[in-house]
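One line per chain: the protein sequences are B and L, in this order. As numbered in our numbering, the first sequence has no gaps in its residue numbers, which increase by one up to the final residue, 659. As numbered in our numbering, the second sequence has no gaps in its residue numbers, which increase by one up to the final residue, 210.
Keep in mind that a hint or two might mislead.
[Claimed, not checked] With a Cα cut of at most 25 Å, we get these calculated DMTMM-like pairs of lysine to aspartate or glutamate:
#1 L:Lys-140 - B:Asp-298
#2 L:Lys-81 - B:Glu-630
#3 B:Lys-607 - B:Glu-190
#4 L:Lys-73 - B:Asp-298
[Claimed, not checked] From the derived model, a few chain L residues whose C-beta atoms are all more than 10 Å from chain B:
#5 Met-1
#6 Ala-24
#7 Phe-44
#8 Ile-45
#9 Tyr-46
#10 Lys-47
#11 Ile-50
#12 Ala-57
#13 Leu-60
#14 Leu-78
#15 Glu-85
#16 Ala-99
#17 Ile-110
#18 Leu-111
[Said to hold, decoys possible] Below, a sample of chain B positions facing chain L; criterion: calculated Cβ distance under 8 Å:
#19 Arg-638
#20 Ile-641
#21 Gly-642
#22 Phe-643
#23 Leu-657
For the record, the hints were derived by calculation from the structure and aren't laboratory data. The C-beta atom is built at its ideal place from N, Cα and C for all residues, glycine as well.
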Amino acid sequence: MKELSDTGNVLLIAAFAIQLLSIVFLSFKNERKALFTSNITMLVGLTLGLISTLSSTLFSSAEITSVSIFSGLIRLDGLSLYFLFVIQLVAIPTTIYSISYLRHYVEQKRSVKSFITFYIILLISTQFIVIANQAILFLVSWEVMSISAYFAIVYEKESEEVQTGSFYYFAASHVLIFILYIIFFLFHHETGSWFFSDYHLSFSSGLMVPVIFILSIIGFGIKAGFMPFHFWLPQAHPIAPTVLSAFLSGVLLKTGIYGILRIYQFIKPMPEWCGWFVLVISVISAILGVWYALAQHDIKRLLAYHSVENIGIIGIGIGIGFIGSANNLPAVEVLGFGGALLHTLNHAIFKSLLFIGSGVVYQNLGTRNIELMGGLVHPAKYIAILFLIGSVAISGIPPFNGFISEFIIYMGFFKTANELKNYYPILMLMFVVGLAFVGGLAVACFTKVNSIIFLGSERSEVKHFHTSVYDYISLGILALLCISIGFYPQPFVGVVNKVIANGFTTGASSALVDIDWLYFTMIFSSIALGVFVLYLIKIKLEKKYGRRNSAAWGCGYENLTPRMQYTASSFADELNTIPKAILDYHKKVEVSENAFPLQSKFKSHSKDFVDSKIVLPAFNVLRALVAKIEFLSQTDIRYYIGFILIIIAIYSMIAFLWT
Amino acid sequence: MENVLSILFCLSLFYVSVTSRVKAYVTVLRVQGIILSVLLMIPFIYKFSIFGIILPATLLLVKVYLIPRYINKVILDLDIKRRIEPTIQQMVFLPIVIATMVIIFLASSILSKSTELDVIPFASGFSAIVIGIYIIMSRKKLIVHVCGFLIMENGIFLFGTAVASELPMMIELGTLLDIFVVVFLMGIALNKISSTFEGFEVTHLGRLKD
C-alpha cells in the first residue's frame, strides 16, 4: 500500500478537478461557446485521467501496488484501475462526439446546458464508483450516477416515449440501489467495517454469504442487464440522446460487472453452484438477447438488446471463473475472468462505436426505424466502413477485438473440460455450442443491420448527408482500438492477466499469457494482406473488363422501386418464427382478395417477454391492491391528522400494555 | 405550584373546546403562554441565574406577544369571520374531550407507578397534544388549525417539562423555531390563497390536489 505521494495520484486528482471545472464553463451565455469549452475541458480532464491511469503500475512492467488516497476512502488496485481505464477510454470518444451531436440541438435553439451538466456529473460519479474503497462512498457515487443518468436521459422530455422509457430506468435503478444498500449493510453487519479492504467472508460461515451472493447477482444484474432483469434496458437506451446511449451501453452497464467481480473478491472462493448459476443466466441472456435484437426494427433498441447479449458473454466468462475458483484451478480462473474482463473492454469499445454510428445516421434521417433507411453507403461511405468495423467486431469475427475475448472464453470452456474430466466435457460442449450459436445469430443480425441501412437503394431520399469532423474523430478512435486489439492483442491480454493476478486467483497460472498471441498478429496480418491483394486484383480486373452496375437486390426484375427491396423484417422473419412464444413475435398480413390486388399490408411486431408477461402484470396486480386502499387518500388534511391520531393511540396503547 | 399551573392549563383546554369565537382561541393561546413561562420561571425562585432566564423571556415574548399578535393581524387583514365553524357540535365535542382526558389521567397515574414522572403536568401536556389534534380535525377554518398546532406545541412543552426536569435548551428553542415557521407559512399560505379562493376553509384546499 502506498499513500498519496507519487505524481500519478496527483495527476488523477488534478484530472478530477479539471473534469469538475468543465461545469463552470457552462455559465457562458452563448450556448455554442459553452458547449465547446466545457466539452474541451472535460476532454482535457479525461485525457489527464487516462494518462495517470496508464502511468500506474497496472500498465508498467512492475507488480501492481494498491494505492490508498484520503485515508483509505479511495483505493486503486488492479480491478479499479482496469475499469477506470475502460471508462476513461470510452468517455473520450463519446465526449468528442457530443460536441457535434449537441450542436444539432443548439441549432434548433434548445438549451443543452442541463444535459451537459448531468453528463459531466455522470462521468465523474462513474469514475468514483470504481475507485471507491468505502461502502458509503460507493453507494453515494452509485446514487449520483443513477440520478444524473436519469436526468440526462429525460432530456427530450416532451415526447411520451421518453417519459415511459425513462421511468423504466428510474424504477429499475431504485430497486437496484435498495438491494445494494441491503448488501452493504449485511457486509457491515458481518465484518463491522465500511471499508472494502476489510471485507473477507467465506461461504462456510453460514447462510449470510449465499444471501449476499444472490442479492449481488440480482442487484448488479439489474444494472448489467442479465436476462430476467434486463427489461429496463431496451426501454431506456433508445430514448436517451445518442451520446448518452453510447456511454450507458458501453460503460454504465459495466459498473454492474464491476460490482459482481468486487463482491467475488470479498467472498471468494465460491462453491460450484454459484458458477453454474451465473453461467446458466448468462447463456440465457446471450441467446435471447441476440434473438430479441434480431426482431427489432429500431436501431438503438436493437443495439440495446445486443448489450444484453454481450453482457451475457461477459457473464459466461465470469461463470467459468467461478467454477475454476470452486475447483481450485487457477488456469480455468485466469481464462474465465480474463475473457470476461477483456470482453468488457471490447464491448465498451465496439458498442459505443455502433451507437455513435447509429447516432450519425439518426441525425441525418431523423428516424431510428431501420425499415426507412437504405443505401446510405453512397452518401456516407466512411461512416459505413466504420460501422462495418464495429459490426464485425461485435459479431466476434476474427480480425477484430470481439474474437479475441470470445476466443479466450472458448479456451476457458475447453480448459474446464480438460481439467475436470467426468461429466464436465459434455456440459462444456453444450455451452460451447450455445456461445457459437450466439455468434451465428449476431452475424445474422448485423448482416441485416448493415445490408438494410447501408446497402440497396435509398428508401427515403437523403439530400445531403451531414457529417462533422468530430464524428470521424470519435468513430476513428474507436475503430482503431477495435483493430489494434484484434491485430495485436498481446499487451491488452497482458494487462488483463495482471489484473487477475492481483487479487482474483487462488494460485498463479500463466494460461493466458502462454497462448502465443503473436501468432494471431501474424495470421491476421496475412489475412489482411490477402484481402488487400484481392482488392488490388479486383481493381485491376475492373480496369480491364469494366464494371457492371445494376440495382441492389435486383433479382432480375426491371424497374425496381426502393419498396421492392429486402426489408429488415423479411430478412429476419425465418429466424424470428422459431422462438415465437418467447419473442412474442406477431405477424399480420393483409392481402386483398380482389382479382386485381390493390393493396397488401404486412406488419410484424415483437414484445419483450419479461416486460409484457412478468413485469407489467406484476405491477398491475400491485396497482389493483393499492387501488383498494385509495379511499384513504383524501384531499382534506383533517383526515390525515385523524390517521396520525389513530396511530398515536395504537402506539401508546402498545407502549402502555408493554409496561 | 406546578400542579396548580397544569390544572389551570387543563381548564384553558376545556374553554377552548366549547368556545365558538376565533378571538377566544387567541386569548387562550396567550393564557397558555403565560402559564408556561411562569412554569419555567419557578426554579428561579430558589436560585437565580441570568442565563437561565433567557428561555422564559423568549417564550413570553413569542407565545404571548408575537404569535397572537400575528394571528390577530391575519384575522383583521383577511377579514375572517369570527365564528369557528365546527364540524362537530360543541356539546358533543366537550364530552369527547373530557373522556379523553380521563383516560389520559388514569393511564398516566398507572404509568407513574413504574416510571418516575409528575402525573398532573404529564397528563395535562399529553391531553393538550391530543386536544390540539381534535381541534384541527373538527374545525374548518385554517386559522383555527394554526391555533390547534400551537396548542399542540404548548402541550409538547408541558409534556417535556414533566418527563425530564430540565430539557436541553437547544431542543426547546428548536421547537419554538419550528412552530414559528409553521405560523408564518400558514400566514403566507392564507394570504396567497385568499387571492385565489373565496373563504378560508380546508375543504377548499382539496382543489389544490394534483
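**Holds or violated: Lys-73 of chain L to Asp-298 of chain B, with C-alpha atoms at most 25 Å apart** = Outside the cut-off at roughly 64 Å; violated.
**Request:** Would you assess whether Ile-110 of chain L, listed as outside the interface, keeps its beta-carbon beyond 10 Å of every beta-carbon in chain B?
**Result:** 8 Å, violated
**Request:** Classify the label on Leu-78 of chain L as holds or violated, using whether its beta-carbon is more than 10 Å from each beta-carbon of chain B.
**Result:** The assertion about Leu-78 of chain L holds, with a minimum of 19 Å to chain B.
**Request:** Take a quick look at Glu-85 of chain L and tell me if its Cβ sits farther than 10 Å from every Cβ on chain B, holds or violated.
**Result:** 13 Å, holds
**Item:** Satisfaction of the Ile-641 of chain B interface hint, Cβ to chain L closer than 8 Å
**Value:** 5 Å, holds
**Non-interface label on Leu-60 of chain L, tested against every C-beta of chain B at 10 Å** = 29 Å, holds
**Asked** Can we confirm that no CB of chain B comes within 10 Å of the CB of Leu-111 of chain L?
**Response** 7 Å, violated
**Request:** Would you settle whether the hint for Gly-642 of chain B is holds or violated, based on the nearest Cβ-Cβ distance to chain L being less than 8 Å?
**Result:** Holds. Min distance 5 Å.
**Prompt:** Are the Cα atoms of Lys-81 of chain L and Glu-630 of chain B separated by 25 Å or less?
**Reply:** 35 Å, violated
**Interface hint for Leu-657 of chain B, Cβ within 8 Å of any Cβ on chain L** = With a closest approach of 11 Å, the Leu-657 of chain B hint is violated.
**Item:** Proposed proximity, Glu-190 of chain B with Lys-607 of chain B (alpha carbon, max 25 Å)
**Value:** 43 Å, violated
**Request:** Could you check if Phe-643 of chain B really has its C-beta closer than 8 Å to a C-beta on chain L?
**Result:** At 10 Å from the nearest chain L Cβ, Phe-643 of chain B fails the 8 Å test, so the hint is violated.
Checked against the numbered hints given earlier, the structure breaks hints 1, 2, 3, 4, 17, 18, 22, 23 and satisfies all the rest.
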